[in-house]
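Put the two chains together into one complex, using the hints given.
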Amino acid sequence: MSTAAMKVSNLTILVSEYKTEFLKAFRMPQFSLPTLMFPMLFYFVFGSLIGTPSPERAAYLLATYGVFGSMTASLFAFGAAIANERDEGWLEIKRAAPLPTMVFFTAKLLMTISFSMMVTGGLFIIAITVGGVSLEPVQWLSLIGLNILTTIPFAFMGLAIGLRGKTQAAAGITNLVFFLMSIFGGLWVPLPVFPAIFSKIAIALPSYHLGALALEIVGVESQLNVIAHVGIILSFGILFGAFAFSAWRHMDSDRKG
Amino acid sequence: MTATLEQTISYKNLTKTYGDKRAVDGLDISFRKGELTALLGENGAGKTTSISLALGLVEPTEGSVTILGHKAGSIEARRAIGAMLQSAELPNLLTAEEHIKLFSSYYPNPVPIEELVEMLQLTPFLKQRYGGLSGGQKRRVQLALALCGNADFVILDEPTVGLDIETRHTLWQAVRACVARGQGVILTTHYLEEADALADRIVVMADGQLVADGTPAEIKALSAEKVIELQTNAGADLIKGLPGVHSVVETGQTIKISVSEAEPCLAYLFKEGFEVKDLKVSQVGLESAFLDITNKNKHSGNMGEAA
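Chains as they are written, first to last, in the working numbering: chain A, 170 to 426; chain B, 45 to 351.
Extracted from the complex, chain B is given alone in its bound form (with noise of 0.2 Å):
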């Protein structure tokens, strides 16, 4: 089923400019409710700016947002939003009680407070003032506002960048209860291990452009490289001209080849009576494939959608 306009946030050719620099570039994308989309990208990629503009915070340079149909900043937009904002304090002087109650009375439909309380762990300290609280404390009542209205989707910007691993594992929790509700989240995050665990769909950022769009194997397979390392007595250059092999690195006595599959490679050494030391064989890290894909954006312009 295809969404319309009315059940998605949609970004329409979307381009951000501050001065020179274009943060959002053209950016054409719809996020839909029953899913958890993960924004992934490095910083300055325009991730953050993405997420203001959907809540109305700035205002497109071209193109525009709309949020179920209603223009972003739009109080029927913002009424469909609950969201967490990246390097945001609350008042010190009130309680993360007294906040929760506040920004409940914003929507028409609130989640019971006892309700988000127990899902966010909250007992202890709910009547302490958020000035006193712990870092992990503050962040717990921050998604307690995002999370507070029942809002058609949850935004959040880099929700758990300083979290212990506790919290993280509530946030992850809460977020995926959110889902499995119908309400739509949306995600920044630089950690891909975080994007991979929790995400239907991650969407890859980069210099504000959109680069990929899958599900997490899809984003996966985009570089699914193989790292072998070993000592032998076959030259750089003849490995280098092996099938599959994209490049040779000598250091020392150990040679590192980065390689689409690993059994070809070594296969050909073996029968060809190459002596092989130390051979170690590694999956190119989700950190590296994601440095990959951008990376490869930059060079190359445009590498599409994977989806």
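Next up, chain A with everything else stripped away, as it sits in the complex (with noise of 0.2 Å):
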């Protein structure tokens, strides 16, 4: 009987695929070391370490930095990352294969999730251990769900990167947006020590509005209302989610046969 005939659930091929997915990324020191060590150090020396530390100014920073670590696997996992395995020649035989194409992207999403998990769950553990944050249980699973969404528009923007240029333009862009990202969007360092031109150029950015969203929930107020955030952060995933699905669409195109 021809194969073409037989089907395989889409679920058994998403576990294998999330499985090597993950174990590919732990094992890849370039990758698993800053995106799980970064926000975890950051947090435990800007929040508990540096200046006068309260429980205020750590449940502060908690919020931004767990932001701050979801944006990071995210970003790397899918600009870096797939420019790489592009490059490599490894995207192609995946393409080949049958492999869903829904099940691919759902496989490395639930991998960047699981990395952010395990960030968020490191920095919930300084915040209440040496921060000494205290938050209502409906706080903690808001931070945990946002930093859930938090991966999604940095995906398709990470594919929008690796998907286009080459390993090493690839790699110098995601870096230099994740910089960007996070200064400007006041994920490092609260916006407000920073001249004001600083917060006029956050408006501009989905990690501002994640990062005021997080806020929100740890109970601090921020300039604009929550719908205007998440207006501008689904404005920003749907049009990166655009430009990620037409160079998949387009990437046999640049090819030279």
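Be aware that one or more of the hints could be misleading.
Sample of chain A residues facing chain B (criterion: CB under 10 Å; computed from the structure) [claimed, not checked]:
1) Thr172
2) Lys176
3) Val177
4) Thr189
5) Leu192
6) Arg196
7) Glu257
8) Trp259
9) Ala265
10) Ala266
11) Pro267
12) Asn394
13) Val395
14) Ile396
Just the calculated beta-carbon pair ranges, DEER-fashion [claimed, not checked]:
15) A/Trp417 with B/Ala224: 37 to 43 Å
16) B/Gly78 with A/Leu349: 53 to 59 Å
17) B/Glu86 with A/Ile313: 41 to 47 Å
18) A/Thr275 with B/Gly113: 56 to 62 Å
19) B/Asn153 with A/Ile370: 52 to 58 Å
Quick caveat, the hints were computed from the structure, so don't treat them as lab data.
All figures in this text were calculated on a predicted structure; none of them were measured in a lab.
From the three backbone atoms N, C-alpha and C, an ideal C-beta is built for every residue, glycine too.
This is the structure:
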């Protein structure tokens, strides 16, 4: 009987694809170390060591570093890593294989969310034990939910970068975007610390709006209302989703043959 | 029996252009199950593009490719194919076994991994990470990914380039076993010996077009030239006039004659009493036979099919 006529459960493929993606990412120190260590290390240093630590400040930075951690995992998993796999020809093998495209992306996203959750867990532990942060259960859960959602728009953005450029260029652009999103989004250091121009630039960045939503969860009010933040994040997600989709569709046109 | 669309990989008037270049130019051909086809051609002849079209990696500019009736690139079409691509690397950080298990999970009826391990002799490095494997071992793992699905068709793009002899023979055996099981195999190569030794059918491409299609014997017969080398006092002009002589080249004392049959030409020279020294008659190698086919195509347009 022809193998074309037989079905394979997408869930079965998703499980093995996810397991493999996770193993691969975990064994790649240039991905797993910065993704797991940077947010926790920065949070520990800025949240608990420098200046005059307080539970309020620890909660503030818990919100922004959570978004930062998810953004980092997502940008690098979908940006630099995809560009590398594309250069190596691995992506071609995957595209030729009977791996449904949606399963491929879902597995990668689940891998990213796993890393984001490990970071979130680590931050929570530091926040409670060192930072003295105390939140309501619904606040903790909301932070978890927001950190999961954060991975999606940056996955699209990473894809749009990773599917276009060559490895070196994509790695450079990913790093640049990562840096701009972190600084101007106010994820590393609170925006009010910087000159006023920073806050103006921030309005254009999804990292700022995700950070603002996270801050709302821990009780810090922002200059815009929640609906505006969500709207801007959604538009950004749709825009880069379209870029990513078009890059995926037109991947063959830059080949020589 | 003629194979229907539902049983073949069918190219229908397929053209793929990159800018001005027609990488594949009006290809019309079918590949059947249970048959090993060698797709032969020089670099840039359009072999890899043809394969990429069947795998759905590139979109045709005109025409279509279907796999068992399904559009190339659809999940059904991809499920009917196991592929090994040219110069494609797998992630270094996964073991050979992890790679194979992952790909087996994509297919509805995979080959048991023990069977693959034995057939491709993977045991010594099955648990090792891909990045640490030798070139030949890496190719075996890539081949395992193409075979693990037990798919209707196995497509191998230049599978033996740069392979050591042992690995090449393992690959040949595995490929023959596929055909014996009823799978269709298409492999591209520019080694004519390989095509000759393995294939049931050889398809020759040049400049994106099909220039010959037949059994290995038929393909070789297309250019069954012999070369006579000798020293003689018969002039080159006289030899040029002899029956069956295609060309005469003089290098110093030696005259090189390309001829369809050596005997009538030599019989004439002996009969007429010409002096003949250092005589050597050789069959044109497969390699030059192949160059001959593709060159003739370039110069005279199309020489048609051999079949």
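- Report holds or violated for the interface hint on A/Pro267, using the least CB-CB distance to chain B and a cut-off of 10 Å. With a closest approach of 4 Å, the A/Pro267 hint holds.
- Query: Does A/Ile396 pass the interface check with chain B, least Cβ-Cβ distance below 10 Å?
  - Reply: 39 Å, violated
- Return the status of the interface hint for A/Val395: holds when the least beta-carbon distance to chain B is below 10 Å, violated otherwise. At 40 Å from the nearest chain B Cβ, A/Val395 fails the 10 Å test, so the hint is violated.
- Message: Range first: 41 to 47 Å. Now tell me if the beta carbons of B/Glu86 and A/Ile313 are that far apart.
- Response: Distance hint for B/Glu86, A/Ile313 is violated at roughly 59 Å.
- Item | Closest C-beta approach of A/Arg196 to chain B relative to 10 Å, hint status | 4 Å, holds
- Minimum beta-carbon distance criterion (10 Å), A/Thr172 to chain B: Since chain B brings a Cβ to about 5 Å from A/Thr172, closer than 10 Å, the hint holds.
- Query: Per the hint of 52 to 58 Å, is the separation of the Cβ atoms of B/Asn153 and A/Ile370 within bounds?
  - Reply: 56 Å, holds
- Measuring from the C-beta of A/Ala265 to each C-beta in chain B, is the shortest one below 10 Å? 4 Å, holds
- Answer holds if the nearest beta-carbon of chain B is closer than 10 Å to that of A/Thr189; otherwise answer violated. 5 Å, holds
- Query: Taking 56 to 62 Å as the hint, is the beta-carbon distance of A/Thr275 and B/Gly113 inside that range?
  - Reply: The hinted range 56 to 62 Å is violated for A/Thr275 and B/Gly113, with Cβ atoms some 28 Å apart.
- Under the criterion of a CB-CB separation shorter than 10 Å, is A/Val177 in contact with chain B as hinted? Holds, about 5 Å.
- Query: Could one say that the CB atoms of B/Gly78 and A/Leu349 fall in the range 53 to 59 Å?
  - Reply: The hinted range 53 to 59 Å holds for B/Gly78 and A/Leu349, with Cβ atoms some 58 Å apart.
In terms of the numbered hints stated before, the structure departs from hints 12, 13, 14, 17, 18, listed from lowest to highest.
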